[in-house]
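Based on the hints, put chain B in the right spot on chain A.
So the protein sequences, as listed, match chains A and B.
Take 309 as the starting number for the first sequence in this note's numbering and just add one per residue.
Take 309 as the starting number for the second sequence in this note's numbering and just add one per residue.
Hints may contain errors.
Copies of the same chain look alike in the list, so a pair counts if it works inside one copy or between any two.
[Claimed, not checked] Calculated lysine-lysine pairs in the PhoX-like style (CA-CA distance at most 25 Å, straight line):
id, residue 1, residue 2
1, K348, K625
2, K383, K574
3, K531, K629
4, K348, K329
5, K564, K607
6, K629, K594
7, K607, K571
8, K359, K329
9, K556, K569
10, K531, K607
11, K603, K589
12, K539, K556
13, K329, K569
14, K626, K348
15, K591, K629
16, K626, K323
17, K574, K589
18, K569, K607
19, K574, K556
20, K556, K571
21, K603, K383
22, K613, K569
23, K569, K597
24, K574, K608
25, K539, K322
26, K359, K334
27, K625, K591
28, K625, K613
29, K564, K603
Read the hints as simulated data drawn from the structure, not as lab findings.
Just so you know, these numbers come straight off a predicted model, no measurement behind them.
2 protein chains.
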Amino acid sequence: MEIEDRDKIDILIKKLLTGDKLAAAKLISMIEDEPEKALKAMQIIYQYTGKAHIIGVTGAPGVGKSSLINYLIKKFRAENLSVGVIAVDATSPFTGGAVLGDRIRMQEHSTDPEVFIRSMGSRGHLGGLALSTQKSIRVLDAMGKDIILVESLGVGQVDIAISNVVDTVSLVLTPLMGDAIQTIKAGIMEIPDIYVINKSDLPGINIIENEIKSMLKLNTSEKDWEPPVVKTQSLTGEGFNTLSNKIKEHWKFLNKNNRLKSKRLKQAEIEVLETLSEQIKSKTWKEIKEIKDFKEIIKKVSERKIDPQQAVYILTKKINKKFSR
Amino acid sequence: MEIEDRDKIDILIKKLLTGDKLAAAKLISMIEDEPEKALKAMQIIYQYTGKAHIIGVTGAPGVGKSSLINYLIKKFRAENLSVGVIAVDATSPFTGGAVLGDRIRMQEHSTDPEVFIRSMGSRGHLGGLALSTQKSIRVLDAMGKDIILVESLGVGQVDIAISNVVDTVSLVLTPLMGDAIQTIKAGIMEIPDIYVINKSDLPGINIIENEIKSMLKLNTSEKDWEPPVVKTQSLTGEGFNTLSNKIKEHWKFLNKNNRLKSKRLKQAEIEVLETLSEQIKSKTWKEIKEIKDFKEIIKKVSERKIDPQQAVYILTKKINKKFSR
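Looking at chain A on its own, in the form it has when it is part of the complex (with noise of 0.2 Å):
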C-alpha cells in the first residue's frame, strides 16, 4: 500500500473514532469499491469494535421493516443512545426501492448526529455483499454506536453470513404469511430470538400467532430464552414499546452469565475458519487451472466419460504432486 494511502486510512480512522459521519461514509465505500484497501482499516478499526448491540430486523419484502426500524430509532433516541442502520434487502425504501411516504418518515433522521444510515448496494456478488454488511457494522461500531439494526430479507446466502454477527435476531412476519413459517419449520430459516407480527389488524392475526407458538413448543433443544411473539402496528404504533423492551431483555439476557462472550467466541471462529477457507479456495483454485489439462478433464466429466468425483480424484493427486506438499 502506498504511504499516501496509509496516511488518508489513518486520518478517517481517527475521524471515525470520534463519531464522524463523513469518515464512516467515506470507510464504507471504501469496502465496497476497494475492499483490499480497506483491509488495512478494518484490521486498525477491528480493536475498537464489539460494544454496540447488534440487531438484526429481518423478514420477506413488504412486512414493514423499515417503518419498524423508523419506530426503533426514535425509541432509542429518546433513551438518548446513538443508532447505525445498514440495509441490506434490496427492498428496501432505505436502499432505494421505496414509496414516497417511507422515504419522508425517514428524512426525519437524517439530520440527528447521532443517527446514521447506510444502505448496502449488492454490486452482483452476494458473498461480497456479506462480507461487506460485516464489515460495515464493524465502522459504526467503532463509530460508538450504542445500537445496530441491520435490515435484510432474512433467507438467502447474504443473511446466512449476518447472522453470525448480530446479537439479537428479530423476525417480522404479518398475518398475511405463513410461508415464513413454513420456512422456519423447513429449517431454512433459523429461529429468531424475537418473533415480530407487524400489520396485527390485519385477519389472520391468531392463526399465525397460534402456528408460532405451537412450533416454539416443539423446539425441545435447551433454550433458556424463551423467543416472544410481539403484535404491532405500524400506523398506530401499537406494540412498538413491547418490542423495544423485548429487545432491550434480549440484550440484558446475553450479557448475564457471558451469554455474549461465548456467542461472540463462537463468531469469531467462524469468521476466522471461513476467512481462511476463502483463501484456501481462492488459491486452490488458481492452482487447478493452471494444470496443464485441466480443461481436458472438465471435458470428460462434462462427456460424462469420467464422474465428478474421480475428477475430484485426479485433480487433487495432480495439484500435490505440483506442490509437493
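This is chain B only, laid out in the frame that chain A set:
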C-alpha cells in the same frame, strides 16, 4: 463399503435404468439419509445422465408454481414425454405445505407410471439440500425422464446451486409483487430465461410487465436469447400453451450451435471446483481445530486483542509448518 451394500446398489441402479419408480425413490432416500453410501451409486449413475431437459420453476411462495407445474406435467404427457418433478420449496404443496385443492390436483398424476414426483426435505443443512437436489435430479435423469421440473424459491443459498444444474430457468411472478424485480435489479437473483406472470387477471399486470421489459432493455450483456414474458392464469389455463412452447423453444435454442454443450461444460467445471473446495475446506477445518492453541487464538480475536486477518495469518503458518507443505 460392504459387499452386501454394493450388491444392493447395483440391483437398485439396474432397476432405476428401466424406469422403476421404487428404485428411484429408494436412491433418493439414500442420498438424503446415507449420503456416504449414495456416493458410489452417484458415480455409477453419472454416465447415464445428461439427456433430460431440466427446467427450474422458481418464485416466491404463493405465486402458483405448483399449479403451473401441474399444468406443465399434463402438457408434456400429452406429447408422450416422461416427466420428473423435484420440489425444493418448503412451502410447496409437493413438499407438504399445501391447501387441500392443490393436493387433489396433484393426485391425478400419481398413478401415471411416466410421472415421478419427489420433494426434498431440508434436514437443517442448507448446503446439503442443494447437493442432494442435484443428485436427485441425476437419479431422475438416469431413470430416463425426458423432462425434469425443479420447483424452488429462486433466492437463497439453495437456489444458487440449483441454477447450476438447470438448463432453463423460469421465474414465476404475480402482478402484486414488484419485489422480485427489485431483487433481480439488485443483482441478488440471476436473470431467468423465461418470465412468467401468473395470476395475470389481478390488477397491476401492465405495471409489472412494463417493469420487466424495461429492465430487459437495460441488460446490455450480449445474449442471443431474449427472455420472453408469458402471462398465465392458473384458473382458466390461459397462457400455459405459450409457456410450454417457450420452454421448448429455449430447449431448441440451447441445442443449436453447441450452446447446451458449453453450458454443461461450465456446469461441470463449477461442480468439480465446488466439490474439491468442499473437500479441502473440511480437511483444513479439521487440521486447524487440531492446532494446539487454536482455541486461544480465537479467544484473542473475540477479545479484540488480535484481528481476524491476523489470526488467519498465524493459523496458516502453523498449518504449513505442521504439514510442511
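task = Could you tell me which of the hints above the structure violates, numbers in ascending order?
result = 2, 3, 13, 16, 21 and 25
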